[in-house]
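Student: What follows is each chain in one-letter form.
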Amino acid sequence: MWEFVLDRRGQIAYQAFQHVSLVLQCVLLGTLIALLLAALVYRSAAATSLANGVSAVGLTIPAFALLGILLAPFGFGITPAVIAVTFYAALPVLRNAVVGLAGVDRSVVESARGIGMSRLATLVRVELPLAWPVILAGIRVSTQMVMGIAAIAAYVLGPGLGGFIFTGLSRLGGANALNSALAGTIAIVVLALVLDLLLLLVGRLTTPRGIRV
Amino acid sequence: MSETLPVPSAPPAPARRVSGVPIRLEHVTKRYPGQDRPAVDDVTLDIAAGETVMFVGPSGCGKTTLLKMINRLIEPTSGRIHLGDEDVTNQDPDRLRRRIGYVIQAGGLFPHMMVATNIGMVPRMLGWEKQRVTERIDELLDLVGLDPEQYRDRYPKELSGGQQQRVGVARALAADPPVLLMDEPFGAVDPITRQRLQDELLRIQDELGKTIVCVTHDFDEAVKLGDRIVVFDVGARIVQYDTPEAILAAPAEEYVADFVGAGATLKQLTLTRVNSLHLRPVTTASVGDDAADAVARARAAGDDFVVVLDRRGRPISWPTLAEVSRMAAIPATVDEKLPVVGLGSTLNDALDTMLAASQGGAVVLGRRDSLAGVVTIEMIMDAIQRTRQETAG
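Protein chains in written order, with the UniProt record's numbering: chain X, 1 to 213; chain A, 1 to 393.
FYI, nobody ran anything at the bench for these hints, they're computed from the structure.
In this text the structure is predicted, and so the values were computed from the model without any measurement.
Hints should not be assumed to be uniformly reliable.
What the hints assert, rightly or not - Across the chosen pairs, the derived CB separations fall in these ranges:
#, chain 1, residue 1, chain 2, residue 2, range
1, X, ALA121, A, ALA246, 40 to 48 angstroms
2, X, GLY103, A, ILE192, 31 to 39 angstroms
3, X, THR206, A, GLU135, 26 to 34 angstroms
4, A, LYS157, X, LEU198, 26 to 34 angstroms
5, X, LEU198, A, ALA357, 51 to 59 angstroms
6, X, ALA121, A, GLU135, 22 to 30 angstroms
7, X, LEU198, A, GLY235, 56 to 64 angstroms
8, A, GLN35, X, GLY53, 27 to 35 angstroms
9, X, VAL202, A, GLU135, 31 to 39 angstroms
10, A, PRO148, X, ALA121, 22 to 30 angstroms
11, A, ARG367, X, LEU198, 53 to 61 angstroms
12, X, LEU120, A, GLY360, 56 to 64 angstroms
13, A, GLY34, X, ALA65, 42 to 50 angstroms
14, A, LYS130, X, GLY68, 55 to 63 angstroms
Glycine residues also receive a C-beta, built at the ideal position from the N, C-alpha and C atoms.
So here's chain X without its partners, still in its complex pose (with noise of 0.2 angstroms):
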């Protein structure tokens, strides 16, 4: 095992940038789009659940089954990878947001449009920022499950760490199978910690002192 990841540590670390870049800039375009949707229906009670509808079911869909869907139109490549990562990234953030949102207590939103703040403003000085720390815990959430659903996207020939896994499962009982398909595990699970770390640390800094526990 150890020789064979000091054998490949070039690949593997080039695989490893891949995979986190992959999950990293997903995650943000994930977010955001989040971000949009939950700003969109939040002050509608209708919107709202079918926005929590959406992000529940939308879980429940095998990631493998979605980028099967994705091949028809997209073919092999980076394109379906981004996709569905993207995808599954925006549903926990979402769900989080719309609850962020919802959670920010009326009397502050209140006053905020009664000294002449207008919806826009509202919503970016004193709605959002008070709904962060719960939407980062959404944003948590949602890159160790990527990080994860990320893995999968090398079966559509996508980049990341899902190779060396899949590669290994394909020869199983040949040579180093084994070694790869744990090698490429392992390294997912590492980086998931160390990226939940960082987060926790722009939690840290992000976090208005006035609001912090």
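Guided by the hints, dock chain A onto chain X, whose structure is given.
Tutor: Showing chain A alone in chain X's frame:
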């Protein structure tokens, strides 16, 4: 600084500074879809510039809805709203609200922003220069009785309920709006704090002369703060609109009489204010003064205690002569339990304060928390005796 204060006589209602503008509501109606009766039904109301008008009535009578239609947090279904000579019914609501101060229960402060940022919000939206905003923040903290150095950089959760409410008032006054709307502003604080906040508001209003509209469910609060009171019934029907004295003396309907409550003689306690009494002058001493000298002056004046003032002239304690004579110099100790009332406090408040502090008197504060004199329980008893004799005779 250290001399016996002159007796402040009952001030003959001086011409007050007025910076407010009149408000006129014309046939204002609010109808919610799916309700057969309008929440506010064809209300016409004139509020004079610089007056404090209190809205009272049972819950659900539409008084809060009517208040929120003045700054158009709730859009009227029909009717016109005038501020000064301007018809603001169709003005951009955000820009309108920046010209109207708004205070809600518990202050409604932004928990993620510091006190200074909260207060500076409206001036910054109006595009004031940074320097001017900073100066204004300190000025306002000073006005509401909070030390800028100490409170500027705190977060709302680091303040007590009463302090948050003060910051709420400071934020509402930040851009010097002519009109101040308050929605049950003192509902969430304990009685003693509420009374101090009310005194504070009276003092601020005395300095500024804004047009204030305030919703309350507490009739005593309405009597204390209001130049006029509007009593509402369901649908925001105006049952009576008059001065507190007139409403207490002659309730327009059975309904108002019920609302006002019984015990008319003791109601006088909420009508009579501390500034109408002949306050007792008192010997004062500043922090660091020679104690023996202070004792001598107090003896000469016939006082058995001394009121200690800090550097800004605010009373901080009132040690007895026995206590003072044991010291060399006047100490800077702040007596947290010092009973204080404002000139605008009612006799009811003063009595409450004394009872809460188990003291036979209270220190009276004038403008900017400076000392105005001392009120004693005997003076209040005398005042009650007088009104009883007047009512009887």
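Student: With reference to the structure, classify each hint as holding or not holding.
Tutor: Evaluation of the provided hints:
1. Against the hinted window of 40 to 48 angstroms, the Cβ-Cβ separation of ALA121 of chain X and ALA246 of chain A comes to about 44 angstroms, which satisfies the hint.
2. For GLY103 of chain X and ILE192 of chain A, the Cβ-Cβ distance of about 33 angstroms falls inside the hinted range of 31 to 39 angstroms, so the restraint holds.
3. At roughly 31 angstroms, the beta-carbon separation of THR206 of chain X and GLU135 of chain A lies within the given 26 to 34 angstroms, and the hint holds.
4. Evaluation of the 26 to 34 angstroms hint for LYS157 of chain A and LEU198 of chain X yields a pass: the beta carbon distance comes to about 28 angstroms.
5. Distance hint check for LEU198 of chain X and ALA357 of chain A: the Cβ-Cβ separation is about 55 angstroms, which falls inside the suggested range of 51 to 59 angstroms.
6. With their beta carbons about 24 angstroms apart, ALA121 of chain X and GLU135 of chain A fall inside the hinted range of 22 to 30 angstroms.
7. Between LEU198 of chain X and GLY235 of chain A the beta carbon distance is about 59 angstroms. The supplied range of 56 to 64 angstroms therefore holds.
8. In this structure the supplied range 27 to 35 angstroms holds for GLN35 of chain A paired with GLY53 of chain X, their Cβ-Cβ distance being about 30 angstroms.
9. Between VAL202 of chain X and GLU135 of chain A the CB atoms are about 36 angstroms apart, so this pair conforms to the stated range of 31 to 39 angstroms.
10. Between PRO148 of chain A and ALA121 of chain X the beta carbons are some 26 angstroms apart, a value that agrees with the proposed interval 22 to 30 angstroms.
11. For the pair ARG367 of chain A and LEU198 of chain X, the beta carbons lie near 55 angstroms from each other, so the given range of 53 to 61 angstroms is met.
12. Evaluation of the 56 to 64 angstroms hint for LEU120 of chain X and GLY360 of chain A yields a pass: the beta carbon distance comes to about 58 angstroms.
13. The hint said 42 to 50 angstroms for the Cβ distance between GLY34 of chain A and ALA65 of chain X, and at roughly 44 angstroms that hint holds.
14. Under the hint 55 to 63 angstroms, the C-beta atoms of LYS130 of chain A and GLY68 of chain X, about 58 angstroms apart, fit the expected range.
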